[in-house]
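Could you put the whole structure together from the sequences, leaning on the hints where they help?
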Amino acid sequence: MHSFYGSDVITKDLPTTAQLQKGCPSGENPNDLSIYWAPTLYYVNGNNYTEIYPATFKTYYEQIDHAEIPFPANFRVVAGNASAKAQSDVDERVTALTWWCDGNGPEDRNSRPRAAFPRQTCSAHMQAILRFPDCVNPDKVEEYAYASQNGGRCPGKMKRMPSLRFSVRYDTRRAIPGGWKGVPPFKLACGEIGDGYCFHGDFINGWFEDAAKNMLKAKGQTFMRIDGAHGNGKQYSKCKARDADLENGTSDYLKSLEMMHGHMKKKERTWEA
Numbered sequence: 008m009h010s011f012y013g014s015d016v017i018t019k020d021l022p023t024t025a026q027l028q029k030g031c032p033s034g035e036n037p038n039d040l041s042i043y044w045a046p047t048l049y050y051v052n053g054n055n056y057t058e059i060y061p062a063t064f065k066t067y068y069e070q071i072d073h074a075e076i077p078f079p080a081n082f083r084v085v086a087g088n089a090s091a092k093a094q095s096d097v098d099e100r101v102t103a104l105t106w107w108c109d110g111n112g113p114e115d116r117n118s119r120p121r122a123a124f125p126r127q128t129c130s131a132h133m134q135a136i137l138r139f140p141d142c143v144n145p146d147k148v149e150e151y152a153y154a155s156q157n158g159g160r161c162p163g164k165m166k167r168m169p170s171l172r173f174s175v176r177y178d179t180r181r182a183i184p185g186g187w188k189g190v191p192p193f194k195l196a197c198g199e200i201g202d203g204y205c206f207h208g209d210f211i212n213g214w215f216e217d218a219a220k221n222m223l224k225a226k227g228q229t230f231m232r233i234d235g236a237h238g239n240g241k242q243y244s245k246c247k248a249r250d251a252d253l254e255n256g257t258s259d260y261l262k263s264l265e266m267m268h269g270h271m272k273k274k275e276r277t278w279e280a
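Each residue of the sequence shown is one higher than the one before, starting from 8 at the first, in our numbering.
None of these hints come from the bench; they were simulated from the model.
Some clues are possibly wrong.
As the list claims (entries may be wrong) - In the DSBU-like style, the derived pairs of lysine-lysine whose C-alpha atoms are separated by at most 35 Å in a straight line are:
{"id": "1", "residue 1": "Lys164", "residue 2": "Lys92"}
{"id": "2", "residue 1": "Lys164", "residue 2": "Lys226"}
{"id": "3", "residue 1": "Lys188", "residue 2": "Lys247"}
{"id": "4", "residue 1": "Lys220", "residue 2": "Lys188"}
{"id": "5", "residue 1": "Lys164", "residue 2": "Lys224"}
{"id": "6", "residue 1": "Lys188", "residue 2": "Lys19"}
{"id": "7", "residue 1": "Lys241", "residue 2": "Lys188"}
{"id": "8", "residue 1": "Lys166", "residue 2": "Lys147"}
{"id": "9", "residue 1": "Lys226", "residue 2": "Lys166"}
{"id": "10", "residue 1": "Lys164", "residue 2": "Lys147"}
{"id": "11", "residue 1": "Lys226", "residue 2": "Lys245"}
{"id": "12", "residue 1": "Lys29", "residue 2": "Lys19"}
{"id": "13", "residue 1": "Lys29", "residue 2": "Lys188"}
{"id": "14", "residue 1": "Lys241", "residue 2": "Lys65"}
{"id": "15", "residue 1": "Lys247", "residue 2": "Lys164"}
{"id": "16", "residue 1": "Lys224", "residue 2": "Lys247"}
Printed below as a string of structure tokens:
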């Protein structure tokens, strides 16, 4: 189970950049029809799984001073390890995956694995951050890497892009008014109760070309809104995002497990045939 943000044309089939740009964005920037998604977070109480919706889902484009090219068309990338079960499965130096508490309340980040959920109640939002690869081969966009894994340079024929970072804030206070201490009563759709290590993210580029190029003009600036031919960066779209594939998928976690199990059984039968 994943939570999606961005263009509403997403279905079970991977779209191209051009297809994404025909949709309606759920975000504030009408020049960005990209798709972003991450595993859904649940509050677990016995056999009940309650989805915790992000209070904010923000994307930051950083290291612009080092960028050589804008995001190429049809570029898609995954960050993080969806199978991670321990801190040793997480390369924090590269992905920067960290869970932490906003606000002035207690923070146990220095006494626990940093890619694990906080072990005590957050006084404000519980936040996850994740950094994406920033090198790509413009002639073969399936090839990508982190510059930090190559001494700060892109390997081979790859070029440096802006560095995408997810910042996802969850309001756990609404789901758990009494707070928690010890094993966190949370579960990512990809992991086990109480860990958080498997948090990962996906990105498919849907930026209109002019705005993607404008992004590179932020060199030397601390912050810049990315405007383009489709409006300024906080204009919002006049359309309303809708589910483009009502016949597939579910918003129920346990039902999603049944569907995936059935899909795997079907694949096994097809293979045996």
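How the hints compare with the structure:
1. A C-alpha spacing of about 34 Å is found between Lys164 and Lys92, which places the hinted pair at or below 35 Å, so the restraint holds.
2. For a cut-off of 35 Å, the pair hint linking Lys164 to Lys226 stands: about 23 Å separates their Cα positions.
3. For the given pair, Lys188 sits about 40 Å from Lys247 by alpha-carbon distance, which is inconsistent with the 35 Å threshold.
4. At most 35 Å may separate the alpha-carbon atoms for a hinted pair to count; Lys220 and Lys188 exceed this at roughly 47 Å.
5. The suggested pairing of Lys164 with Lys224 holds, with an alpha-carbon distance near 23 Å, which does not exceed 35 Å.
6. For the hint linking Lys188 to Lys19, the alpha-carbon distance of about 38 Å lies beyond 35 Å, and the restraint is violated.
7. For the hint pairing Lys241 with Lys188, the CA-to-CA distance comes to about 39 Å; that exceeds 35 Å, so the pair is violated.
8. The suggested pairing of Lys166 with Lys147 holds, with an alpha-carbon distance near 11 Å, which does not exceed 35 Å.
9. Taking the CA atoms of Lys226 and Lys166, the gap is near 16 Å; set against the 35 Å cutoff, the hint holds.
10. Of the supplied pair hints, the one linking Lys164 and Lys147 holds, its CA atoms being roughly 10 Å apart against a limit of 35 Å.
11. Among the hinted pairs, Lys226 with Lys245 is consistent with the structure: their alpha-carbon atoms are about 30 Å apart, no more than 35 Å.
12. Taken as a hint, the Lys29 and Lys19 pair is honoured in the structure, with Cα atoms around 17 Å apart against an allowance of 35 Å.
13. Distance restraint check for Lys29 and Lys188: the Cα-Cα separation of roughly 46 Å exceeds the 35 Å cut-off, and the hinted pair is therefore not satisfied.
14. Of the pairs offered as hints, the one joining Lys241 and Lys65 holds, with about 13 Å between alpha carbons and a cut-off of 35 Å not exceeded.
15. For the given pair, Lys247 sits about 40 Å from Lys164 by alpha-carbon distance, which is inconsistent with the 35 Å threshold.
16. Taking the CA atoms of Lys224 and Lys247, the gap is near 30 Å; set against the 35 Å cutoff, the hint holds.
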